[in-house]
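Number of protein chains: 2
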Amino acid sequence: MKQALLRVPLAPLFAGVVPLSPETARYVSRVHRLREGERFLAFDPAQALEGEATLVEVGKGALAARIASVHPASLVPRRPVTLIQCVGKGDKVDAVIRDATELGASRVIAALSARCVARPQADRGARWRRIAVEAARQCGRGDVPRVEGPLPLVDALHAVHGAAGACLDPRGALSFGRWVGEVTRVGEVMREVALVVGPEGGFTDEETAACEDAGFARVKLGSMTLRTETVCAAALGALLALTDA
Amino acid sequence: MKQALLRVPLAPLFAGVVPLSPETARYVSRVHRLREGERFLAFDPAQALEGEATLVEVGKGALAARIASVHPASLVPRRPVTLIQCVGKGDKVDAVIRDATELGASRVIAALSARCVARPQADRGARWRRIAVEAARQCGRGDVPRVEGPLPLVDALHAVHGAAGACLDPRGALSFGRWVGEVTRVGEVMREVALVVGPEGGFTDEETAACEDAGFARVKLGSMTLRTETVCAAALGALLALTDA
Numbered sequence: 001m002k003q004a005l006l007r008v009p010l011a012p013l014f015a016g017v018v019p020l021s022p023e024t025a026r027y028v029s030r031v032h033r034l035r036e037g038e039r040f041l042a043f044d045p046a047q048a049l050e051g052e053a054t055l056v057e058v059g060k061g062a063l064a065a066r067i068a069s070v071h072p073a074s075l076v077p078r079r080p081v082t083l084i085q086c087v088g089k090g091d092k093v094d095a096v097i098r099d100a101t102e103l104g105a106s107r108v109i110a111a112l113s114a115r116c117v118a119r120p121q122a123d124r125g126a127r128w129r130r131i132a133v134e135a136a137r138q139c140g141r142g143d144v145p146r147v148e149g150p151l152p153l154v155d156a157l158h159a160v161h162g163a164a165g166a167c168l169d170p171r172g173a174l175s176f177g178r179w180v181g182e183v184t185r186v187g188e189v190m191r192e193v194a195l196v197v198g199p200e201g202g203f204t205d206e207e208t209a210a211c212e213d214a215g216f217a218r219v220k221l222g223s224m225t226l227r228t229e230t231v232c233a234a235a236l237g238a239l240l241a242l243t244d245a
Numbered sequence: 001m002k003q004a005l006l007r008v009p010l011a012p013l014f015a016g017v018v019p020l021s022p023e024t025a026r027y028v029s030r031v032h033r034l035r036e037g038e039r040f041l042a043f044d045p046a047q048a049l050e051g052e053a054t055l056v057e058v059g060k061g062a063l064a065a066r067i068a069s070v071h072p073a074s075l076v077p078r079r080p081v082t083l084i085q086c087v088g089k090g091d092k093v094d095a096v097i098r099d100a101t102e103l104g105a106s107r108v109i110a111a112l113s114a115r116c117v118a119r120p121q122a123d124r125g126a127r128w129r130r131i132a133v134e135a136a137r138q139c140g141r142g143d144v145p146r147v148e149g150p151l152p153l154v155d156a157l158h159a160v161h162g163a164a165g166a167c168l169d170p171r172g173a174l175s176f177g178r179w180v181g182e183v184t185r186v187g188e189v190m191r192e193v194a195l196v197v198g199p200e201g202g203f204t205d206e207e208t209a210a211c212e213d214a215g216f217a218r219v220k221l222g223s224m225t226l227r228t229e230t231v232c233a234a235a236l237g238a239l240l241a242l243t244d245a
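Line order of the protein sequences matches chains A and B.
Numbering of the first sequence is given in the working numbering, commencing with residue 1 and proceeding in unit increments.
Numbering of the second sequence is given in the working numbering, commencing with residue 1 and proceeding in unit increments.
One thing to keep in mind: the hints can contain errors.
The calculated DSS-like cross-link candidates involving lysine-lysine, where the alpha carbons are at most 27 Å apart (straight line), are [what the hints assert, rightly or not]:
hint	chain 1	residue 1	chain 2	residue 2
1	B	Lys89	A	Lys92
2	A	Lys89	B	Lys89
3	A	Lys89	B	Lys92
4	B	Lys92	A	Lys92
Label-pair distances were calculated between CB atoms; the ranges are [said to hold, decoys possible]:
hint	chain 1	residue 1	chain 2	residue 2	range
5	B	Glu200	A	Val117	28 to 38 Å
6	B	Gly201	A	Glu38	17 to 27 Å
7	B	Arg115	A	Arg35	21 to 31 Å
8	A	Pro22	B	Leu5	53 to 63 Å
9	B	Pro80	A	Pro12	49 to 59 Å
10	B	Glu52	A	Ala173	22 to 32 Å
Simulated from the structure, these hints should not be mistaken for lab results.
Where a beta carbon is used, it is the ideal one built from N, C-alpha and C, also for glycine.
Please take these sequences and the hints and turn them into a complete structure.
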């Protein structure tokens with residue numbers, strides 16, 4: 001297997017000499033032991049740009065990347081997909097953001113519902129965005145999902161108005177495969193898809209009704225009651241397989 | 001939402017009075033605070049049987065389940081699916097067994113390949129089987145996947161001889177959706193499916209060749225390089241959606 005270039009997030013990215021932050025300099029020179037003159041792949045997830053970089057020293061041991069040219073990232077998801085994830089215990093949202101980034105979500109909204117057992121701290125947003133960038137770096141993705149929230153569930157549902165929506169529910173009458181077939185058509189303009197995943201304790205009847213009122217179909221993926229943190233990978237994997245010919 | 005009965009693994013299960021082990025007695029009476037006369041759902045994952053149980057005391061405070069009748073479990077996966085998972089760091093196999101149980105695998109084989117970074121201890125088998133039973137309890141599944149290994153990768157490949165096999169690989173030429181379409185046909189006898197997932201560092205060229213020699217197609221699910229512990233949920237979710245009409 002040909003060794004791929006180390007991917008390093010670097011923003012804003014432009015052709016020229018781009019200084020590295022102390023954190024990024026440490027990452028390339030200490031963690032990965034790159035030396036002056038060695039190459040890596042710099043990517044700017046906010047702009048979905050990338051460019052081959054050469055490590056250079058710029059006085060007093062500070063490091064920079066010399067970028068010959070910048071071009072659109074080679075791997076970005078094609079379909080806009082939003083995941084609305086109700087917040088669970090501990091670091092489950094962290095894990096879901098990792099999975100969602102690898103599996104091509106374009107937007108993740110953390111939502112608060114009645115049976116949420118944890119209220120995330122206010123500084124979670126920055127942490128979640130860092131996790132998304134790191135997951136993009138690892139999986140080869142050239143952009144990152146927008147991460148929002150936590151928002152009340154109803155506000156999250158409104159935030160995806162116009163998308164084809166599904167609420168994952170093992171008691172739903174419609175299968176995931178059939179639903180995807182109904183809302184996506186090969187050759188058509190790609191319609192945005194939104195999936196909503198309940199918390200550990202599930203939705204209340206009122207919340208299920210709110211999802212239906214907002215146009216979300218109740219869709220099941222298999223017959224088992226999945227843990228909230230399993231649903232994202234299973235559903236996004238299913239969506240990729242069903243729409244990626 | 002109607003509160004479902006507490007599910008309790010109990011083996012061997014039969015109609016009559018079935019004594020509870022001290023561990024199970026503690027689980028129902030301390031953790032879930034059931035009292036004499038209260039009901040739960042006992043299930044025997046090895047036989048895929050279940051029966052409604054009433055908690056009874058049988059002298060000196062020992063507890064038992066009175067089972068009126070035993071019947072085949074209502075939720076068991078329909079298609080035989082084997083997951084061969086190369087062993088990763090730390091407790092990643094634990095997480096994969098949980099996901100595989102929820103998402104309907106019938107057999108999980110832990111495999112050792114060249115780039116495996118961890119060699120599981122000899123007593124992992126019993127731990128893995130307990131994790132599978134607990135995952136089945138949580139998700140409503142009436143049986144458990146058979147958990148085997150760790151075996152050398154080549155032995156694991158031979159152990160699924162005759163199944164339709166795929167090796168998950170982002171550089172594969174065939175998409176997961178197309179592969180599933182080729183190897184499964186609606187209305188046909190359900191053919192066994194086997195998926196092989198590499199370790200964190202991926203397969204060596206020799207291992208990829210061994211998979212191909214054993215008849216495994218190189219199949220990609222999206223374009224990103226998934227972490228080894230994400231592949232199971234994404235691929236089994238995709239398989240469910242593609243085959244569950």
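Would you mind confirming whether the straight-line C-alpha gap from Lys89 (chain A) to Lys92 (chain B) stays at or under 27 Å?
-> 19 Å, holds
Look at the Cβ atoms of Pro22 (chain A) and Leu5 (chain B) and judge whether their distance stays inside 53 to 63 Å.
-> 57 Å, holds
Hint consistency between Lys89 (chain B) and Lys92 (chain A) [alpha-carbon to alpha-carbon, up to 27 Å] = Holds: Lys89 (chain B) and Lys92 (chain A) sit about 19 Å apart, inside 27 Å.
Okay, Glu52 (chain B) versus Ala173 (chain A) on CB: inside 22 to 32 Å?
-> 26 Å, holds
Go ahead and decide if the range 28 to 38 Å is satisfied by the Cβ distance of Glu200 (chain B) to Val117 (chain A).
-> 31 Å, holds
Does the Cβ distance between Arg115 (chain B) and Arg35 (chain A) fall inside 21 to 31 Å?
-> 26 Å, holds
Going straight from one Cα to the other, do Lys89 (chain A) and Lys89 (chain B) come out at no more than 27 Å?
-> 23 Å, holds
Using the beta carbons of Gly201 (chain B) and Glu38 (chain A), state whether their distance is inside 17 to 27 Å or not.
-> 21 Å, holds
Does Lys92 (chain A) lie within 27 Å of Lys92 (chain B) when you go C-alpha to C-alpha?
-> Holds - the C-alpha atoms of Lys92 (chain A) and Lys92 (chain B) are around 15 Å apart, at most 27 Å.
Take a look at whether the Cβ-Cβ distance between Pro80 (chain B) and Pro12 (chain A) falls inside 49 to 59 Å.
-> Cβ of Pro80 (chain B) to Cβ of Pro12 (chain A): about 52 Å, so the range 49 to 59 Å holds.
When the structure is compared with the earlier hints, no violation turns up for any of them.
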